[in-house]
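A.B. asks: First to last, the sequence lines map onto chains A and B. Using my numbering, read the first sequence as starting at 1 and increasing by one per residue. Using my numbering, read the second sequence as starting at 1001 and increasing by one per residue.
Hints in this document: simulated from the structure, not taken from any laboratory. Predicted, not measured: the structure shown is a model, and the values here were computed from it. Even for Gly, the Cβ is constructed at its ideal location relative to N, Cα and C. Please note that a few of the clues may not be correct.
What the hints assert, rightly or not - Below, in silico cross-link-like pairs of lysine to aspartate or glutamate (EDC-like), each with a Cα-Cα straight-line distance of 16 Å or less:
hint	chain 1	residue 1	chain 2	residue 2
1	A	Lys153	B	Glu1374
2	B	Lys1640	B	Asp1602
3	A	Lys5	B	Asp1314
4	B	Lys1085	A	Asp48
5	B	Lys1506	A	Asp48
6	A	Lys5	B	Glu1351
7	B	Lys1640	B	Glu1597
8	B	Lys1300	B	Glu1369
9	A	Lys5	A	Glu145
10	B	Lys1253	B	Glu1603
11	B	Lys1016	B	Glu1580
12	A	Lys5	A	Asp36
13	B	Lys1016	B	Asp1412
14	B	Lys1633	B	Glu1603
15	A	Lys79	A	Glu225
16	A	Lys256	A	Glu200
17	B	Lys1300	B	Asp1314
18	A	Lys153	B	Glu1630
Claimed, not checked - A few chain B residues that face chain A, going by a derived Cβ cut-off under 7 Å, partial list only:
hint	residue
19	Gly1141
20	Gln1165
21	Tyr1451
22	Leu1544
Claimed, not checked - Computed spacing ranges between beta-carbons, pair by pair:
hint	chain 1	residue 1	chain 2	residue 2	range
23	A	Arg139	B	Asp1595	17 to 27 Å
24	B	Pro1472	A	Gly214	29 to 39 Å
25	B	Arg1019	A	Tyr224	54 to 64 Å
Below are the chains, spelled out letter by letter.
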Amino acid sequence: MSTAKTFSVTLRVWRQAGPGREGRFVDYAARNVNPDMSFLEMLDVLNDELAARGDEPIAFAHDCREGICGTCSLTINGKPHGPNRGVASCQTYMRSFRDGDRIVVEPFRARPFPVIKDLVTDRSAFDAIQQAGGFITARTGSAPEANSAPVPKDVADLAMDAAQCIGCGACVAACKNSSAMLFVAAKVSHLGLLPQGQPERQSRVLAMVRTMDGLGFGGCTNQYECSAACPKLISHDFIARMNRDYAKAVFSSAFKPVAAGGGPD
Amino acid sequence: MAQLESRIPPGPLADKWRRHKAEIRLVNPSNKRKYEVIVVGAGLAGASASASLAELGYAVSCFVFHDSPRRAHSIAAQGGINAAKNYQNDGDSVYRLFYDTVKGGDYRSREANVYRLAEVSAQIIDQCVAQGVPFAREYGGLLANRSFGGAQVSRTFYARGQTGQQLLLGAYSALSRAVGSGGVGLHTHSEMLDLVVVGGHAKGIVVRNLVTGEVTRHAADAVVLATGGYGNVFNLSTYARGSNATAIWRAYKRGACFANPCFTQIHPTCIPVTGDYQSKLTLMSESLRNDGRIWVPRNKEDRLKPPASITEGDRDYYLERIYPSYGNLCPRDVASRAAKRVCDEGRGVGESGLGVYLDFADAIGRLGEGGVRERYGNLFDIYHEITNENAYRVPMRIFPAVHYAMGGLWVDYNLMSNLPGLFVLGEANFSDHGANRLGASALMQGLADGYFILPYTIGGYLATLRPGSRPPADAPEFMQAADGVAAVTKRLLSVRGREPVSHFHKRLGQILWQHCGMARNRAGLEAALGEIPALREEFWANGLVPGTGDSLNQSLERAVRVADFLELGELLCRDALAREESCGCHFREEHQYPDGECMRDDENFAHVAAWEYAGEGSAPVRNAEPLSYETVKMSVRNYK
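Go ahead and model the full structure; you've got the sequences and the hints to work with.
C.D. replies: See the structure below:
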């Protein structure tokens, strides 16, 4: 068992009873915090204390607690996913804080992510963007032999860099315009880089970008807060790649029909 | 007694699946849309099944408790997926993958199911590549492989240390396409809380919306459960916090048999526990055992010394010493037990003494730090975030942790439970891994079930039903089930005791880890069978579930799941007690060879134990499905 010295912090937490309800900050003392605890474990302990004294526990989204499912989504001291670079909220450990710190905890704030309760938001807009075109159509059973189309290693590696996106929405929360361009660019680039993704490359980028715009996400003004907040450190270079693909698709679609959508099923 | 017909097709092993596919009844393409299929869960198995069934034309509804299907815990699988492609020219084949899996499972799985799994494995890789899964590649652009435990060929495909994520996102993209085109109706935040059985057939489910608390009824012609494993019954595990057994447990209480519940995998390479606040354990991929060497000090006096100060001669690379031919790549159950043994001897490292070193010094010497970073960089990063230690400089400390459930709902060759119309896929079923699962086989099984097995076999069942014959969702069976769900919620909220749900979950986990973990014996299991019902009673008398049932209430969600774990935990111990042998993960101390290896009893226990619910307060019935090995000769597993 850990023998690390424990400490105390004050949490200023956003409490909101439900969607569209008025929210407010409430202060809580977290005592006996062990530096080896994760931020979420600290909240677990606090929640059990709150329940024991008849207060309602703080709702927060979490699941895998190893930084890959993309569920956790806390804004800690104004930063989506907290103070450390390249990690999700669930991988933020209390050793990043000091005795006596006041820590402000908020949900991911963005108009397209309405608050469901306390620190939990509705990010289904991301699913809607994926459904519009974030795929390669490959009916089960129709695939050719896997090694029939070689992919140069550097291309596969770059596609993997983009494909790492965990769909958490920190990029949106970090952006003053609530832009989802890093999220969309990651998927567009991942699939557009691969030979398998070429047939739908134009229809994909048109459908995803138009859906993104329709859902109320803002545009990119090149501040790159998104890639700084991204727990997988996905590069904003992918946004330039997407813009290029989008411009090309818009231009070509003016001359030949490009359906914005998955095409006929 | 339940009817357990395995429905394994006749004929030679290698021809069974091909013949069966040719003989399964088909559903007319224009009739497919008249059949409603409910899929619960959208991990690898659920998402691949939903997408594939929708492509065939069935009317599919997919229910997930997460906010998005992309969150399912398949996403956390790190190391890879096996396939018998033989791209390495190292002698791999369908037969060898089949043989390794059967042997790895310590001869407690069905030959025919495992052979089929190995057979479709190659097709899975084709399918995933076509979807754009960015597998690792060689410089020439062809697919790369790595080695995994329990095999002497290199057949594991991978995407850095995030293979599960990439495969799940592939299946999720196929599912998203189907949702976008209207082929699948997607229900998020929707937790299945009961199975509805009408006339002996599964005909629908009852669901609670986790955001609004609304309880709804859904009728279908078939129900597919792809809800994952039940390892969180141990509280601390490598599972996601939300992973639960509720869907399969409610199906069990409606008559589906639960097979081999005591077969739970304890993975050898996880980050050790640090404190009682801990909410989960984190896996360090088995792929690390390709290049990392596992050791403890030879002398227990050295266990707290800095590892670098312990000379080569004072180190015990115990896996290499005991199992020279497989070394650090012996199967998970064997590696975990060996770690437990050296820690029991007082040679474990770290403050708690519950840890062994996983050392990369040799690999860094051979490949350079950059080479190791390229293979495992993200795993070293995770390790650093959790422990604040740099594993490029000091060896990792690891210890076994609960990771996977080989047991699950009983299914026949068609993946259908003994309840007709109920299909069970992926980790939620019991069929392919016997008493121990080999690494990189879970992803293979989830996708095999969803892409290439269920889409064929479900047609055979649906073809026996008249289109449109499903009962309405307001039939009495549905109303009764929905009332039952509402009553359980109400009861949990009305206890208003003193102890939070986490308290009971922790205590249950401690009982199971102590008595039904890496080593089990009669006295311990009997003690657990006394303690668990008492704990359950205490939970219902003194549990504290705050809040209400008509909005998002995470305490209530957990209480519902823990209430089921408190019942399932008892069945685990009952099964472990009845299985008077050691096999794979199930190590009964009474049954071992002098060198501490598992002593199976093939004469009395070469069977699947399928437990049948007998009502509240009655002991469940243990049914046995005999396992016959026609191709592989059952022998003592030897990795030495």
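A.B. asks: Is Lys1633/B within 16 Å of Glu1603/B, Cα to Cα?
C.D. replies: Holds - the C-alpha atoms of Glu1603/B and Lys1633/B are around 14 Å apart, at most 16 Å.
A.B. asks: Check the following: the C-beta atoms of Arg139/A and Asp1595/B are separated by a distance inside 17 to 27 Å.
C.D. replies: Since the Cβ atoms of Arg139/A and Asp1595/B sit about 52 Å apart, the hinted range of 17 to 27 Å is violated.
A.B. asks: Could you grab the alpha-carbon distance between Lys1253/B and Glu1603/B and see if it respects the 16 Å cut-off?
C.D. replies: Outside the cut-off at roughly 31 Å; violated.
A.B. asks: So, Gly1141/B near chain A? Judge it on the closest CB pair being under 7 Å.
C.D. replies: Since the shortest Cβ distance to chain A is 3 Å, the answer is holds.
A.B. asks: Starting from Lys153/A, check that the Cα of Glu1374/B is at most 16 Å away, please.
C.D. replies: Holds - the C-alpha atoms of Glu1374/B and Lys153/A are around 13 Å apart, at most 16 Å.
A.B. asks: Would the hint on Gln1165/B be counted as holding, given a Cβ-Cβ threshold of 7 Å to chain A?
C.D. replies: Because about 6 Å separates Gln1165/B from the closest Cβ in chain A, which is inside the 7 Å limit, the hint holds.
A.B. asks: When you check the alpha-carbon spacing of Lys1016/B and Glu1580/B, does it fall within 16 Å?
C.D. replies: violated, 32 Å
A.B. asks: Taking only the CA atoms, is the gap from Lys1640/B to Asp1602/B under or equal to 16 Å?
C.D. replies: Not satisfied, since the Cα-Cα distance of roughly 21 Å exceeds 16 Å.
A.B. asks: Would the hint linking Lys5/A and Glu1351/B be met if the CA-CA limit is 16 Å?
C.D. replies: holds, 15 Å
A.B. asks: Need the status of pair Lys256/A, Glu200/A: alpha-carbon distance at most 16 Å?
C.D. replies: Holds - the C-alpha atoms of Glu200/A and Lys256/A are around 14 Å apart, at most 16 Å.
A.B. asks: If you draw a straight line from the CA of Lys153/A to the CA of Glu1630/B, is it 16 Å or shorter?
C.D. replies: violated, 44 Å
A.B. asks: Is the Cα-Cα distance between Lys1300/B and Glu1369/B 16 Å or less?
C.D. replies: violated, 30 Å
Consistency note: the structure conflicts with the earlier hints numbered 2, 3, 4, 8, 9, 10, 11, 18, 23.
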